[in-house]
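A.B. asks: Here is how the chains run, residue by residue.
2 protein chains.
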Amino acid sequence: MSDRLERAERDLLRLSTECSLLDSVSTLLEWDEEIAMPAGGVEIRSRQLALMAGLEHERLVDPRLGELLDILESEPSENSLPRAVNVRELRKLEQRQKKLQRGFVEEQVRVRTLAQHEYAAALERNDFSSYAPWLDRILKMKREEASLLANGGSLYDVLLDELEPGMTADFLSELFRALAPELKKLLGQVLGSTRRPEMSSLARPVPVAEQYRFAKETIRALGFDFSRGRLDEARHPFTVRVAPGDCRISTRFLPEDFSEGFFCGLHELGHGLYDQGLPDEYFGSPIGEAASLGIHESQARLWENIVGRRASFWKYFFPRLQQAFAPRFDDVSQDRFFGAINRVAPTFRRVRADEVTYNLHVMIRFELERAMMEGRLAVADLREAWNAEYREHLGLIPPDDASGVLQDGHWASGTFGYFPTYTLGNVIAAQLFAAAHKELGDLDAEFARGNFASLLSWLRNKVHRRGKEVGPERLVLEATGENISPRALVAALSDKVAAIYG
Amino acid sequence: MSDRLERAERDLLRLSTECSLLDSVSTLLEWDEEIAMPAGGVEIRSRQLALMAGLEHERLVDPRLGELLDILESEPSENSLPRAVNVRELRKLEQRQKKLQRGFVEEQVRVRTLAQHEYAAALERNDFSSYAPWLDRILKMKREEASLLANGGSLYDVLLDELEPGMTADFLSELFRALAPELKKLLGQVLGSTRRPEMSSLARPVPVAEQYRFAKETIRALGFDFSRGRLDEARHPFTVRVAPGDCRISTRFLPEDFSEGFFCGLHELGHGLYDQGLPDEYFGSPIGEAASLGIHESQARLWENIVGRRASFWKYFFPRLQQAFAPRFDDVSQDRFFGAINRVAPTFRRVRADEVTYNLHVMIRFELERAMMEGRLAVADLREAWNAEYREHLGLIPPDDASGVLQDGHWASGTFGYFPTYTLGNVIAAQLFAAAHKELGDLDAEFARGNFASLLSWLRNKVHRRGKEVGPERLVLEATGENISPRALVAALSDKVAAIYG
Numbered sequence: 100m101s102d103r104l105e106r107a108e109r110d111l112l113r114l115s116t117e118c119s120l121l122d123s124v125s126t127l128l129e130w131d132e133e134i135a136m137p138a139g140g141v142e143i144r145s146r147q148l149a150l151m152a153g154l155e156h157e158r159l160v161d162p163r164l165g166e167l168l169d170i171l172e173s174e175p176s177e178n179s180l181p182r183a184v185n186v187r188e189l190r191k192l193e194q195r196q197k198k199l200q201r202g203f204v205e206e207q208v209r210v211r212t213l214a215q216h217e218y219a220a221a222l223e224r225n226d227f228s229s230y231a232p233w234l235d236r237i238l239k240m241k242r243e244e245a246s247l248l249a250n251g252g253s254l255y256d257v258l259l260d261e262l263e264p265g266m267t268a269d270f271l272s273e274l275f276r277a278l279a280p281e282l283k284k285l286l287g288q289v290l291g292s293t294r295r296p297e298m299s300s301l302a303r304p305v306p307v308a309e310q311y312r313f314a315k316e317t318i319r320a321l322g323f324d325f326s327r328g329r330l331d332e333a334r335h336p337f338t339v340r341v342a343p344g345d346c347r348i349s350t351r352f353l354p355e356d357f358s359e360g361f362f363c364g365l366h367e368l369g370h371g372l373y374d375q376g377l378p379d380e381y382f383g384s385p386i387g388e389a390a391s392l393g394i395h396e397s398q399a400r401l402w403e404n405i406v407g408r409r410a411s412f413w414k415y416f417f418p419r420l421q422q423a424f425a426p427r428f429d430d431v432s433q434d435r436f437f438g439a440i441n442r443v444a445p446t447f448r449r450v451r452a453d454e455v456t457y458n459l460h461v462m463i464r465f466e467l468e469r470a471m472m473e474g475r476l477a478v479a480d481l482r483e484a485w486n487a488e489y490r491e492h493l494g495l496i497p498p499d500d501a502s503g504v505l506q507d508g509h510w511a512s513g514t515f516g517y518f519p520t521y522t523l524g525n526v527i528a529a530q531l532f533a534a535a536h537k538e539l540g541d542l543d544a545e546f547a548r549g550n551f552a553s554l555l556s557w558l559r560n561k562v563h564r565r566g567k568e569v570g571p572e573r574l575v576l577e578a579t580g581e582n583i584s585p586r587a588l589v590a591a592l593s594d595k596v597a598a599i600y601g
Numbered sequence: 100m101s102d103r104l105e106r107a108e109r110d111l112l113r114l115s116t117e118c119s120l121l122d123s124v125s126t127l128l129e130w131d132e133e134i135a136m137p138a139g140g141v142e143i144r145s146r147q148l149a150l151m152a153g154l155e156h157e158r159l160v161d162p163r164l165g166e167l168l169d170i171l172e173s174e175p176s177e178n179s180l181p182r183a184v185n186v187r188e189l190r191k192l193e194q195r196q197k198k199l200q201r202g203f204v205e206e207q208v209r210v211r212t213l214a215q216h217e218y219a220a221a222l223e224r225n226d227f228s229s230y231a232p233w234l235d236r237i238l239k240m241k242r243e244e245a246s247l248l249a250n251g252g253s254l255y256d257v258l259l260d261e262l263e264p265g266m267t268a269d270f271l272s273e274l275f276r277a278l279a280p281e282l283k284k285l286l287g288q289v290l291g292s293t294r295r296p297e298m299s300s301l302a303r304p305v306p307v308a309e310q311y312r313f314a315k316e317t318i319r320a321l322g323f324d325f326s327r328g329r330l331d332e333a334r335h336p337f338t339v340r341v342a343p344g345d346c347r348i349s350t351r352f353l354p355e356d357f358s359e360g361f362f363c364g365l366h367e368l369g370h371g372l373y374d375q376g377l378p379d380e381y382f383g384s385p386i387g388e389a390a391s392l393g394i395h396e397s398q399a400r401l402w403e404n405i406v407g408r409r410a411s412f413w414k415y416f417f418p419r420l421q422q423a424f425a426p427r428f429d430d431v432s433q434d435r436f437f438g439a440i441n442r443v444a445p446t447f448r449r450v451r452a453d454e455v456t457y458n459l460h461v462m463i464r465f466e467l468e469r470a471m472m473e474g475r476l477a478v479a480d481l482r483e484a485w486n487a488e489y490r491e492h493l494g495l496i497p498p499d500d501a502s503g504v505l506q507d508g509h510w511a512s513g514t515f516g517y518f519p520t521y522t523l524g525n526v527i528a529a530q531l532f533a534a535a536h537k538e539l540g541d542l543d544a545e546f547a548r549g550n551f552a553s554l555l556s557w558l559r560n561k562v563h564r565r566g567k568e569v570g571p572e573r574l575v576l577e578a579t580g581e582n583i584s585p586r587a588l589v590a591a592l593s594d595k596v597a598a599i600y601g
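For the record, the sequence lines run as chains A and B.
Our numbering runs 99 ahead of the 1-based position in the first sequence.
Our numbering runs 99 ahead of the 1-based position in the second sequence.
Looking at chain A on its own, in the form it has when it is part of the complex (with noise of 0.2 Å):
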């Protein structure tokens, strides 16, 4: 490699890393909003944020970034991996910012921050009308970004590129058309049995400082680092890789149903994996950092469901509940308790859906906010959308607007193209389990004696290590040998039905 190139990589990482240190800056900034700050800190938090966002974009558009690019791509890169894949994220980067002005991602940054407040604010008074001129103010700014990257293209899509590099809405609404029929088919044979899991197996209060321990304790066993990471209570539960060595998960207890606190902590955990899992020493560079939110959720979905409420996993797990709860689930059978972690049910929130139902919930989601996105609705009238949407799909209209519309903070936090990532990690989650599983062998032998380490190590080499080396898709190819498809998620679902529901 000459000099001149050697040289041009060397200002490109300083650059770039510059850009990543601003960037955990900026997820500790949003970390501690939601954990620690008080109520009085948000106005500076948004301009702390929006000063950092511009600092960031500062680096983007600065000419010296386009020129070292333009040496390394005139260059191509000899078994040079990393290099590869950071000018092409890079350049990514570089054009979209270019796009905008930095007094635009400032003011976004800030508006959403004072957002992200008034949407709790609303949901503590279970009251969408007083948010939702703020949700219409972050929408009109996704609006105007989303023109400014599009060139005419699609709004929605050049949204959710950002999240999920090669998506459109186009494949996404094909996946829920294959989808969607099979899962009302499943929901349909579950409404039909006679069999109904006996709820009363959960229902035993468990202080929440036990339920900590122990929920601690099991993300410990299943491989998460603590001496590199947290497990924080939030009330609405996420995990940041604020840097390698830095990642955050949290869950939030119920103190009359464990279940609730357990379940979203594994999610979280499946995240915290994928976090710690990522390659640190590209810290710095694009290559170093997660594939997409459709892998990440994967990841959540895998360790939460798949594993999660696994006959085999209870196996292991169920006697060492018992004792953490005793005497509280002496008198459970696992095969009962087995059944009730495993009820399908219409249920108004997302985060408490079942396995079946929970992917009509992203479904409408990502209709509503492909509809408000592409102009089709308005926020005045989002309240009487979702619940028609959810008489639909779900058969059930929402009692308030704290089981309804206002249950989900994505939209106040300025994402738009999140929602759709769920299914999306559902439906890699079920192919990337299919595929280690077939080459692992007798995981569930395992998983009964505790070891979850070879599905891990199985992750870690063909998710996790990989970071942002290729896209999504290629990634479920690689590992799975399959496109993505939503037949292993239907084949897993109809067999649990089976095995539950009969």
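Certain hints may be false.
Copies of the same chain look alike in the list, so a pair counts if it works inside one copy or between any two.
[Said to hold, decoys possible] In the SDA-like style, the derived pairs of lysine to any residue whose C-alpha atoms are separated by at most 25 Å in a straight line are: (1) 315 x 139; (2) 315 x 141; (3) 283 x 514; (4) 315 x 351; (5) 315 x 293; (6) 198 x 437.
Read the hints as simulated data drawn from the structure, not as lab findings.
Since the structure is predicted, the reported quantities are computational estimates derived from the model, not experimental observations.
Starting from the known structure of chain A, fit chain B onto it as the hints suggest.
C.D. replies: Relative to chain A, chain B alone:
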């Protein structure tokens, strides 16, 4: 005011606000490092902090700042107090930063973040030697910084001036020379007395959760606003003002002795009340900041000791403590309790020292850090020198490093000149309280009824709301009519010793 002047003032404010935002982000990063960050995060944290410091440096040495200050200095500011103060303070900052290179500033921040981590590990292992090379590295950097700033003047003074504007080592030496004999005389009276507080009245284990609740209630009752702040547990308690509306205090509870966590909490409360009382509307301008560390400590020591260890304070709070911790203190009389929390006895640890010996701990540190800064004491000889000083002034030889040279983390964080501000704080606190008492009348009657508002309001007007309007010496003079002097402190301590030891 001319257009040109107005524009310059606006531009200056923008630059200054960016510096304040960067600074507030650093503050949050440091708070998180102590309170929440997993061990694995330290490497990236050190680089995040270095980047923030580098960006702030860049703004302070920007020629545009110098030009703006030139313009504003050229026209004396009629009736614009904020502008005059801001120009004065920003010029001072600019002059300092121009003497340092950005790389040096960043490296210092990076190394001290790592050094603090090494310090904590050494304290855990109770072994000074593994940390000594890091302290040596810190010391070398601080001496280099001081040399660059001092232009041949005193290295210690130039560092001190940053924390305590206008203060000098000579003034402090004089202060200790006046104070130490008085303290030793009081200590002699105590040791010669036959009266001894019964310490058994404090030795009642209370679970930390209960201690936390009582401390928080008390802190709220004394005026701390929890919608604009929070209280955490920390190994080394501290207070930070992340931003207006976001002030964070912390304390450290011992299950076996509630008094440690409680009084430490009152100390940090004092810092917190000052921070919450600063003129928030000036965020982004130097005038909105604290006058000095000495003034800050005066607020902490005033609430911790003068208020918190006062008989009238406990007339109100003791029945509440008895109730909160019932039945543990049911057999303790208020008098015995009052004696126990005011016991005077030499100890190894500064943070647990009584009011009389406390300043001897400070004097020792002041002498040692001054000697290190002036090249008269090497880190390799620090432990021996420390122990010799303790033998001379307190008649004790620390049994190990954790009770000796390793007990404070200030030097690890690169802070030289902090310690003497504790004694300045004690001195100033006594002066302020004496003046308030004279002006406000019978404060003890108010305290006994749980009313601390008139004292707080006096402090708000005389100290908090003034921010950095004037220097600390002038502030004390205007609030009390006196120059900084140890007389009020000695008088107050003499009264207390007489009351308890006869």
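A.B. asks: Against this structure, judge whether each hint is valid.
C.D. replies: Here is how each hint holds up against the structure:
Proximity of residue 315 and residue 139 under a CA criterion of 25 Å is satisfied inter-copy only: 18 Å between copies versus 31 Å inside one chain copy. Taking identical chains as interchangeable, the C-alpha atoms of residue 315 and residue 141 lie at most 25 Å apart only when they sit on different chains, with a minimum of 22 Å there against 30 Å within one chain. Taking the shortest alpha-carbon separations for residue 283 and residue 514, neither the intra-copy value of 28 Å nor the inter-copy value of 66 Å comes in at or below 25 Å. Taking the closest pair of Cα atoms, residue 315 and residue 351 come within 25 Å of each other both inside a single copy (13 Å) and across two copies (24 Å).
Taking CA atoms no more than 25 Å apart as the test, residue 315 paired with residue 293 passes in neither setting, with 37 Å inside one copy and 54 Å between copies. Proximity of residue 198 to residue 437 under the C-alpha cut-off of 25 Å is found in neither arrangement, the shortest distances being 52 Å within a copy and 69 Å between copies.
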